[in-house]
Amino acid sequence: MKKVMVGNHAVAWGVRLARVEVISAYPITPQTQVVEKLSEMCADGTLAARFIKVESEHSAMAAVIGASATGVRAFTASSSHGLLYMHEMLHWAAGGRHPIVMADVNRAIGPGWNIWTDQNDSLSQRDTGWVQLYCETNQEVVDTTVMAFKLAESLSVPVMLMLDGFYLSHTAEPVDIPDQELVDRFLPKRDAPHKLDVDQPHAFGALVRPDSYMEMRWLQQEALQKVPETLAAIEQDWQRMFGRSYGAVEAYRAEGADLLLVTSGTITSTARTVVDARRAAGEAVGLLKVKMFRPFPTALLRDALRRLGRVSRVAVLDRNISPGHGGIFAEELRAALYDLGDGERPEIFGFVLGLGGRDVTPAVIGEAIAQARAGTVPSREDLWVGVNP
Amino acid sequence: MSQVRIDECIPTGELLTSGHLACPGCAAPLAMRLALKALGPNTIVVMPACCFTIIAGPWPQSSLQVPVYHAGFATGPAVASGVRAALDLQGKHDTTVMVWVGDGGTFDIGLQSLSGAAERNENILYVCYDNEAYMNTGIQRSSATPWGAWTTTTPAQFPESTNKKDILGIMAAHGIPYAATATVGYPVDLIEKFTRAKGMRGTRFLHLLSPCPPGWKCGDDEGIELARMAVQNRVFPMLEIEEGERWRLTMDHAGDPVEPYLRRQGRFRHLNAEQVAHIQTGIDRRWVALQRRVAMSGEHALSAVPSAVPSAAPSAAPSSAPQPAGV
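From first to last, the protein sequence lines are chains Z and A. Going letter by letter, the first sequence gives residues 410 to 798 in the working numbering. Going letter by letter, the second sequence gives residues 56 to 382 in the working numbering.
Bound conformation, chain Z alone:
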């Protein structure tokens, strides 16, 4: 069934298809339509879930933690300051190994107040132990929401999926809604191995001494290390059943390219058109879309670059900034490729752009390509594109 819908409603449809049982959320622009649509679905019975309308995001995450610990499938959505307010509970969800799925509508952080998109809200949660998946289209949002539950429940890790505020959250696109019966086969009802149960009483999250704490963190790390292969297997199933897949990293027209753009989120769609135009003009430019930021797809990126061989320059487009450092994807990519051999490691040029919802047009991307080609940018200092200080 095809429907035209905005990204926020695509999230709600994914939640409905996954037959989520407990939702708890707090409204924040530009996530509100997720909450509104889910409220409608719960009210009209198309989604048989309990919706706990809490007084804050901190409580929203706490409530889904309680539900998840009791063995049901739980979901929340937030954005920007709401996500930051959840921060403590993000660690709790991950440390407690609760397979919660959350949608974050990427929005800048104040002050000054700004409701438009950038990735600093989610990227400042990168060390909380959540899987992070950045989506490019509304179709990808629906599909990823459902797959996220499968991934989360397979490894007992929470999964956060991101969509750009307004560019995706409020933009209508045609979406193919997967068949519910097939989704039910793909994602059966959750069967929690450990849960709050009076017939089998256990204590969860008790004090852990230094002699055991590291082992618990190691088990968490081990689970996160399994994410790439698990996600690949899940995507293979999705491809087989629904004819679509995305990959943790996608190479677009990258064969034979000497310069690669690295993107995430909706900038990717604009970058694809730039690549198409450059290719048509005979320029060997390609694209790597990084969908999965946590765990960082180090092996996938190294393999891709090895396989492509000829890439000498990489331009990373970062709609985010680690203040005092640089674009975050660029920094992580540099770290991931640091010990490649001299002939294998491309020059990495970082570009900070599009903060607080500023447009990233083909011209902006063109400027990044020109700078990377000219090689005038010191590779350890990211260039801010389109800034007039």
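Incorrect hints may appear among the rest.
Stated by the list, open to error - Some residues of chain A that are not near chain Z, with every Cβ distance over 10 Å (derived):
| no. | residue |
| --- | --- |
| 1 | 61 |
| 2 | 67 |
| 3 | 69 |
| 4 | 134 |
| 5 | 143 |
| 6 | 167 |
| 7 | 171 |
| 8 | 251 |
| 9 | 257 |
| 10 | 304 |
| 11 | 305 |
| 12 | 336 |
| 13 | 337 |
| 14 | 340 |
| 15 | 345 |
| 16 | 347 |
As the list claims (entries may be wrong) - Calculated lysine to any residue pairs in the SDA-like style (CA-CA distance at most 20 Å, straight line):
| no. | chain 1 | residue 1 | chain 2 | residue 2 |
| --- | --- | --- | --- | --- |
| 17 | A | 147 | Z | 606 |
| 18 | A | 92 | Z | 611 |
| 19 | Z | 604 | A | 143 |
If you're looking for bench data, these hints aren't it; they were derived computationally from the structure. Ideal Cβ positions, reconstructed from N, Cα and C, are used throughout, including at glycine.
Add chain A to chain Z, keeping to what the hints say.
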């Protein structure tokens, strides 16, 4: 009070084991022991950060024989809301979900979450065991610390300078089905209140005064007696409030003077006579206000026992109140 045989009133089954890690003389494990006797094994405990995080025992042990979820400090009522929703979806409507947390997690950092859950009338039982300061971190003042008390952040030269927050009044104002006080000093009354609360639906709030020998600077063997004194001198009246409207005293309160209660605790040792009198005035004023609330609800005949100190009408002139030393 009429004579009761304790062994006929208190169930014999135990759901709190020995070997827990409470300090000697702590009232909290006794309260938990009695609470679980009343609630039974069909109970899930949500436990935000508090002394009981330690008392319950470190992984892989647990002194509670019911499921426990150790929760973030501010999150007890929110986590419990999620647990409740999940249990209801599984048809487990009879399972009691109890939040068990101290005064810091209730009066201070958890108040927003608690107010949210109460406003939604979540079907949970919320229990605050109140030892009147952050005892687990080493006796720092909370908004439950009484006026005049020493803590490590309100030293004797500048003791606690504000009145204890009226948490029961705040909870009653939410119109929740049941709000009550209790203490281990009166175990039968405590059991009865937990049993009543268990039989009700919606948000139920129990406020337990919980003597803490290290924090109150009293003897390990004095907690029960201090809890009884706090009731009889009206520092901590025993009452029940239904729907925020029907207020009822659940026992007679002798109206003993507060001074002996204060003198038994090192945390009040620095107080002079004027300051003790100020505390007494506050107790008497609150008692008058409480009697009015009870009379207004018409549920209960007032105690005929007069206060030891003549009650004054509520005064709007705090300027005459003595200030803590050092102000």
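Hint check results:
| no. | hint | in the structure |
| --- | --- | --- |
| 1 | 61 | holds (27 Å) |
| 2 | 67 | holds (20 Å) |
| 3 | 69 | holds (14 Å) |
| 4 | 134 | violated (4 Å) |
| 5 | 143 | violated (7 Å) |
| 6 | 167 | violated (6 Å) |
| 7 | 171 | violated (3 Å) |
| 8 | 251 | holds (21 Å) |
| 9 | 257 | holds (15 Å) |
| 10 | 304 | holds (32 Å) |
| 11 | 305 | holds (30 Å) |
| 12 | 336 | holds (37 Å) |
| 13 | 337 | holds (32 Å) |
| 14 | 340 | holds (33 Å) |
| 15 | 345 | holds (29 Å) |
| 16 | 347 | holds (31 Å) |
| 17 | A:147 x Z:606 | holds (10 Å) |
| 18 | A:92 x Z:611 | holds (18 Å) |
| 19 | Z:604 x A:143 | holds (15 Å) |
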